[in-house]
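Participant: Protein chains in written order, with numbering that gives the first Met the number 0: chain A, 0 to 351; chain B, 0 to 278; chain C, 0 to 292.
Keep in mind that the hints were calculated from the coordinates and are not lab data.
These figures come from a predicted structure and were not determined experimentally.
There's no promise every hint is true.
Cross-link-like lysine-lysine pairs, in silico, DSS-like; alpha carbons within 27 Å at most [stated by the list, open to error]:
1. A:Lys-176 with C:Lys-256
2. B:Lys-218 with A:Lys-239
3. A:Lys-129 with C:Lys-256
4. C:Lys-166 with B:Lys-39
5. B:Lys-39 with C:Lys-291
6. C:Lys-291 with B:Lys-99
7. B:Lys-156 with A:Lys-9
8. C:Lys-286 with A:Lys-129
9. A:Lys-190 with A:Lys-270
10. C:Lys-31 with A:Lys-9
11. A:Lys-270 with C:Lys-256
12. A:Lys-336 with C:Lys-83
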Amino acid sequence: MTMRRLINLKRVEARRIYLTYAIVIAAYIICQVMSSTKFLSSSMRGMLVPICAYMVMAVSLNLVVGILGELSLGHAGFMSVGAFSGVAAAVLMQSVIPFAPVRLAIAMIIAAVFAAAAGFIIGIPVLRLKGDYLAIVTLAFGEIIKSILNNFYFGIDSQGLQFSMLTDTTRLLPGGKLIIKGPMGIGGIQKIATFPAGFILLMISLMIVFNLVNSRSGRAFMAIRDDRIAAESIGLDITKYKMTAFVMSAALAGAAGALFAMNYSTIVANKFDFNTSILILVFVVLGGQGNMLGGIIAAAVLTILPEKLRSFSEYRMLLYAIVLIVMMLATNNAEIKEFISRFNPFRHKEAE
Amino acid sequence: MKPKTKYVPVPSMSILPERDAERAPVLECIKLGITLGGIKAVEDFNLTIGRTEIVGLIGPNGAGKTTVFNLLTKVYQPTTGTILLNGQDTHGMSTMQVNKAGIARTFQNIRLFRNLSVIDNVKTAMNNDMRYNMVSAILRLPNYRREEVAAHRRALKLLSIFDMQNMADVPAGSLPYGAQRRLEIVRALATNPSLLLLDEPAAGMNPSETADLMDNIRKVHEMFQIAIILIEHDMSLVMNICEGICVLNFGHVIAKGTPDEIQSNPAVIEAYLGRKKEA
Amino acid sequence: MTFLNFFISGISLGSIYAIIALGYTMVYGIAKMLNFAHGDVIMVGAYVCFYATSRYGLNPFLGIVIAMIICTLLGIIVERLAYKPLRQAPSLAVLITAIGMSYFLQNTALLLWSSNPKVFPSIIGRGAFKLFDGELSISHITALTIGACLVIMAVLTLFISKTKMGKAMRACSEDKGAAQLMGINVNATISMTFAIGSGLAAVAGALLCSAYPTLMPTTGSLPGIKAFTAAVFGGIGSIPGAFLGGLMLGVIEIFAKAYISSQLSDAVVFGVLIVVLLVKPAGLLGKMTQEKV
């Protein structure tokens, strides 16, 4: 082994955290300015909220995949729980709280609570498993949530809240309102999600994750990731910490789901399928596991890229696939890495 | 496989060192045994350890030494027998609970949290001493700061025993081999154990590193006044710092005694060197 | 009698899952990777078979053979280009690459063959055997599917246990380093595994589309995921496990559709998977490996 200069982790991490906050704030200000000066196309403006939601999703999944070290293939499930519960709550509160930002905030909190509850219930069986088995069970739960929401009917009338499964048997009284309509999802949503709200949610998510990582819980998560047996041997309650990370991640995903849903007029469960879970996982992996800033940037780039490639229309998904494979090969194969680094002008600086 | 050698009792191991004689032993193993994959990996293992005793666990490769550690720390649940830790039966406890009850260990093949910094490895082990909750952590409330600062100080102090305070912010995985072994010991100590299990602490070390390690183990023993069991192949180290020695072969205890008694014990010599062919 | 009818169609669907699951399980066993692109190899196989028979008028069985050859080559090429360079990479990177490959195959198919669904002609017509005065009806394709699955299982089991290559595969799945030291060409063995898995996927594609005749670029995804579930269900890495898991999953799915709800059948299938994994964390026939301390 060659002698390397040992890096100072504390300094590196602190720098990375401040850089993340700084970049997110700067990007927000730039987007706001561009948006107000009409420099931003309307299609781009429409993407600001979804991008924020995906960024929060990337941060929240990073907590499970990057920090806790467990693979989750069903993260979109929590997003959908949040989307449906949040929107339903917003609809119910419409007359009670007329001020939209407050309604949005409360809806996101409710969404987070519901998603956290789902995360807890799912976590009980899931976290007993290991590795690939854990991953496949999260996939299974993602599909189950999708199936259930696709067959769920929920409405309100003078008698109170009404639920039913499979077919609409809520039998709402006249004047009642069917909110969730099975495979039709929720329609006629008031678009109350805003870019500032997305920005605030992202900042809160970052604060939660960064502060958690630099606390006893975060150290425990990472210890479990690095060596489960050693973590047990120093008295860490593996189940408790895994559950904490899982539930926290689900809660953030739920809030992101509510934000996302309230940017559209209609939302259906099929929007949050396996492919969405994978998309979010791709953000995390491309951005670097455990690297929040990387995940955020990947989320932005991979949401904007397909839009920008629209002129290639039918080739765009093909290009996307190729980019994905090439990126993975480029970042993970030693020979290819070496080959690329030959063209890197900063190479010598880094090697010092 | 049946042991070919007979058990040669040496009386002194049930007798605690003079300074511990008045106090209850920290550990009592009674007829401990485990069957792994149909093989009796450890059988009829009896051992009593005094409050502040240092005991060596030796034996040829595959004798079941690490298995004994795994039994004590409940990585394996014993098939038979009882383990009393500070007089408390550890039956049904998990690895985590046993650690909380007072056993900490190191591993033969180093198991550090490689991506965490050196000091975070130690602070992670202090987790159960900390009281602040997640809300305090997320909002950085005063009790978070207070406890983190206290933990940081204590971790630095522990690291300084092994002269590692300068490496506090380095990733554990990038430490040189010897330092990794030392860090494992510091991490184990950070959990406030009453019994420390060291699994081949000198493995892969050169003679001067081993000598340093020996001093450090003595220092730890003196500072913390705890019991230590160590598995080691380096006989000079074992004979030098251990007060009692327990020899395992084929999962059985073949001898127990003081270093002098063990060195002259025929069963031990036979286990290590083989039996002379009868003419 | 309806029960028996459902049971037989369940076994038939399960046979298809089992054949696909074999590909997943063999690749997992040897390369320790979840090959998400496997489902799309099925789709490619079905398209090749479709074009060979309906465009060029070839005999359906000849069509399957051509599909097998093309899919085998595809499997080997995909492994060489995308997975082999990542042998040492973290498993998550390999997983994402496999997903990228899945998108790649789907979108290539979309460009080549358009998204319009093709009506796949059954490889042996739509006839059926009538038993018990017509109360029990087994379509020819059902019988063929079950038969094919049994033959494939038998041949594969013999191959794995008796031939030199099969033994090499088992050795590689136990310990690649040791296998290499014993003179086994690990890369060739892994290629071979991908080749066999992909060849079987082509068969599965033809059978799947004969039973459910709509063929689209996304045809392979859902059966792919279900078969993957089946492989995990039976214990991923275990060949008999894939067989058992596939059959059980097929039967459960058909019964859930018939007796519970057709919309919730997928939820029931995944629910059963979760319950099985809770009772047997490594699947029905999987080996639990304990980490050495």
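Participant: With reference to the structure, classify each hint as holding or not holding.
Facilitator: Tested hints:
For the proposed pair Lys-176 of chain A and Lys-256 of chain C, the alpha carbon gap of about 31 Å is over 27 Å, so the pair is violated. For the hint linking Lys-218 of chain B to Lys-239 of chain A, the alpha-carbon distance of about 36 Å lies beyond 27 Å, and the restraint is violated. Only pairs whose Cα atoms come within 27 Å are accepted, and Lys-129 of chain A paired with Lys-256 of chain C is rejected, the gap being roughly 31 Å. Taking the CA atoms of Lys-166 of chain C and Lys-39 of chain B, the gap is about 31 Å. The hint is violated against a cut of 27 Å.
This hinted pair checks out: Lys-39 of chain B and Lys-291 of chain C have alpha carbons roughly 17 Å apart, not beyond 27 Å. Restraint check for Lys-291 of chain C and Lys-99 of chain B: the C-alpha separation of about 23 Å stays at or below 27 Å, so the hint holds. With a CA separation close to 18 Å, the supplied pair Lys-156 of chain B and Lys-9 of chain A stays within the 27 Å bound. Straight-line distance between C-alpha atoms of Lys-286 of chain C and Lys-129 of chain A comes to about 13 Å, which keeps the hinted pair within the 27 Å bound.
A hinted pair counts as satisfied when its Cα atoms are at most 27 Å apart, and Lys-190 of chain A with Lys-270 of chain A qualifies at roughly 17 Å. Proposed proximity of Lys-31 of chain C and Lys-9 of chain A is contradicted: the alpha carbons are some 35 Å apart, above 27 Å. Pair hint Lys-270 of chain A plus Lys-256 of chain C holds up; C-alpha atoms about 23 Å apart against a cutoff of 27 Å. Taken as a hint, the Lys-336 of chain A and Lys-83 of chain C pair is honoured in the structure, with Cα atoms around 15 Å apart against an allowance of 27 Å.
Hint compliance for this structure: hints 1, 2, 3, 4, 10 are not met, and every other hint is.
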